[in-house]
Structure formats: structure tokens, C-alpha cells
Amino acid sequence: MSFNVLIVDDSNTMRAVIKKVISISGFKMAQCIEAGNGKEALEALTNNWVDVIVSDINMPEMNGFELLRSLKEDDLLKNIPVILISTESSDEKIQDAFNMGANGFIKKPFTPEAVKKILCEVIGESNEEEEDSRDDETFDF
Amino acid sequence: MKKKKIVETMRLSIFEVFEKMFYIFLEPLDDENNEYDMEAAIRFEGFLSGEIRILLSKDIAKIMIQNMLGLKEDEITTQAMEDCSKEAVNMICGNFLGKFDSTKVFNLSIPSFDMDGLIRPLTMSSTNQTPASAGINPKSIDPDKNAFRMDFGSDAGGFGVLIAVNGRV
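Chains A and B are the protein sequences, given in the same order.
When we follow the numbering used here, the leftmost residue of the first sequence carries the number 29, and every step to the right adds one.
When we follow the numbering used here, the leftmost residue of the second sequence carries the number 253, and every step to the right adds one.
If you're looking for bench data, these hints aren't it; they were derived computationally from the structure.
Since this is a predicted model, take the numbers as computed values, not measurements.
Errors might be hidden in some of the hints.
Claimed, not checked - Derived list of chain A stretches under chain B, where covered just means 3 residues or more per stretch with a C-beta under 8 Å from a C-beta of chain B:
#1 33-41
#2 44-53
#3 112-118
#4 129-139
To be verified - Simulated restraints on C-beta separations:
#5 B:256 / A:102: 43 to 53 Å
#6 B:368 / A:30: 41 to 51 Å
#7 B:284 / A:77: 49 to 59 Å
#8 B:286 / A:142: 33 to 43 Å
#9 A:102 / B:257: 40 to 50 Å
#10 A:29 / B:256: 48 to 58 Å
#11 B:407 / A:52: 14 to 24 Å
#12 B:322 / A:142: 12 to 22 Å
In this text, a Cβ means the ideal position worked out from N, Cα and C, and glycines have one as well.
Based on the provided sequences and hints, a complete structural model is requested.
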């Protein structure tokens, strides 16, 4: 099964990086939709169904927390898993994100493995690589 | 003690960002390198406040973009170099502050970028200004004051960091 991903970041370069990292992580991405801020993300969601949203926090117009709040207030969109991605990694900020309904938090810098692990966790999909490595560990033992 | 912690934490953050995001392995240099073509800067405020400025050669900026995005050299634009430099200083600053004290919340400014090859002095906005932090010539940073400089080399080119923190450390 493949999943539609909405990437929200005000930097074109960062959107391209996140898209590339998801691709090379091995996560099964069907369609990748991009938005430059929370407002554009909400507009994109009127025409597209996505399985998961990966959003930056600090953005102009509508930031990641404001996007999260808008999604949770919308009956049609409130169940879409949201992963916030940020350089800001204080315990309080991360807890705020989860308290507001975020399903995951990715700290920059990130590795493809870490991104895939969180994507699989929030979607409820098994992370085959992790299972393979567990199998290997069992076999070696 | 705090100064040592700042320098060590910053070094770890730089290594982590460069290895994870850009696949570049940096080596600390003993001597200052002044062969830089661009810089990006960010300010931070909170329990600790100050400014971080990164200095990049064009060569390392190109390799960072190539490694991060998989682009060919002729596909690299000035805008991509600006975005990449801003993202790098943002990640280094966020990683540094998180490592320094993850229980504290910091506010980060929007990163700025310049590509004229000039290394600007660090300037501080706080009332806590000291002569050292009010304007620093990177060539004459006093290691006993609250400003630090680190230079790194790599196969990809040179990279430098200037850090200034408000108050005595």
C-alpha cells in the first residue's frame, strides 16, 4: 500500500529535501503534494486526500501550530495524522506539539531511517526494515 | 565552564548537522581560514541569547546542495545556495540550543544571508552588551570574552562559525 503525503514548508529547498528523504527512506509514497504554509496546506486539502501531513512549524501566514489547530477543528480533516518537523527541539515545544494533537515530531537534522520510522508509526504501517533488522538480530542470537 | 560547554556543544551540533544532512565530514582547523564566499546568520533569545553566523566557501555550499538534493553542479542556483545556507544555520542553532539545555524554550529569528564575501562583525541587540559582543572583528576575537570562532576544513571546502552570546560566560 502507498500513501499520499502533504509536505508543508516555506522553503522550496527544504520541501525538496523532505521529499527526497522520504523517497530514499523506502517509505511507500504514492503522491506528494507540497504547500508553502498552513494556509496553502488547507487549500490543498480541499482538492486532495492525503494520508499524512509533514509540516514545518515556523512559516509565514499560518505556522505549523496554527495549521494543526485548524485541522483539529475540522471534522473532515481532524483524523489526518500530522508530523511536525523543526529545528526547535525543547522538551516544552515538543510536548506542546503533542498536546495540540500532533502525532509525531521530527527533529532536524534527520536521517531517512528516523523519518520512515515516525511515518510508519503514525500511519500504523509496519516498518519492514526495522522488522528485518529485528529478525536478523534474532537469527544472529 | 559555560564557555567550554558552548564550544563543545556547538562543535557536536555542527558535526551532526553536516554528517546527517549534507554527508560532509568536517575537520577542525587550528588556524583561521578567511576564504569564504557567503554567510548566513541567526539570532536566538531565551535562557541564553546571542547570534550564530556561519561562513561558507562556494565549493562547500555546492557540495552541500548536491548531497542534500541530488542535483548536478549546473543545476545549482544562487537561490538554492541561499536556502541551503539559511537552513544549515537554522539547524545548527536549533540543534545547539536543544543540546545545550533541552528544558528551555528559545526563540529563533528568521535567518539572513549574504553572498558578497565579506565577513561582518557580530552585533548584539541585548542590553547585556559588552565591548566584545557589541562588534567583533573575527580576526581579533579575544578568547576570554563571550565570542567564539571555529574553522573547519573538508574535502568539499571550508566552513566557519562565529558565535556570540550575551553577558559573561
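Now the hints, each set against the structure:
1. Remark: the stretch 33-41 of chain A is confirmed as covered by chain B, as 3 of its residues place a Cβ nearer than 8 Å to a Cβ of that chain, reaching the required three.
2. Note: the stretch 44-53 of chain A has 3 residues with beta-carbon separation from chain B under 8 Å; the three-residue rule is met and the coverage holds.
3. Coverage of the stretch 112-118 of chain A by chain B holds [criterion: at least 3 residues with CB-CB distance below 8 Å; count 5].
4. Only when three residues or more bring their CB closer than 8 Å to a CB of chain B does the claim for the stretch 129-139 of chain A stand; here the count is 5, and the claim holds.
5. Hint check: residue 256 of chain B to residue 102 of chain A, Cβ distance near 50 Å, so the stated range 43 to 53 Å holds.
6. Our hint of 41 to 51 Å for residue 368 of chain B and residue 30 of chain A holds, since their Cβ atoms are close to 46 Å apart.
7. Roughly 54 Å separates the CB atoms of residue 284 of chain B and residue 77 of chain A, a value that falls within the hinted 49 to 59 Å.
8. At about 36 Å, the CB distance of residue 286 of chain B to residue 142 of chain A agrees with the hint of 33 to 43 Å.
9. Checking the proposed 40 to 50 Å range against residue 102 of chain A and residue 257 of chain B shows it holds: the Cβ atoms sit about 45 Å from each other.
10. Range check, residue 29 of chain A to residue 256 of chain B: Cβ separation about 51 Å, and the 48 to 58 Å hint holds.
11. For the hinted restraint 14 to 24 Å between residue 407 of chain B and residue 52 of chain A, the CB-CB distance of approximately 22 Å keeps it satisfied.
12. Between residue 322 of chain B and residue 142 of chain A, the C-beta spacing of about 19 Å keeps the proposed range 12 to 22 Å intact.
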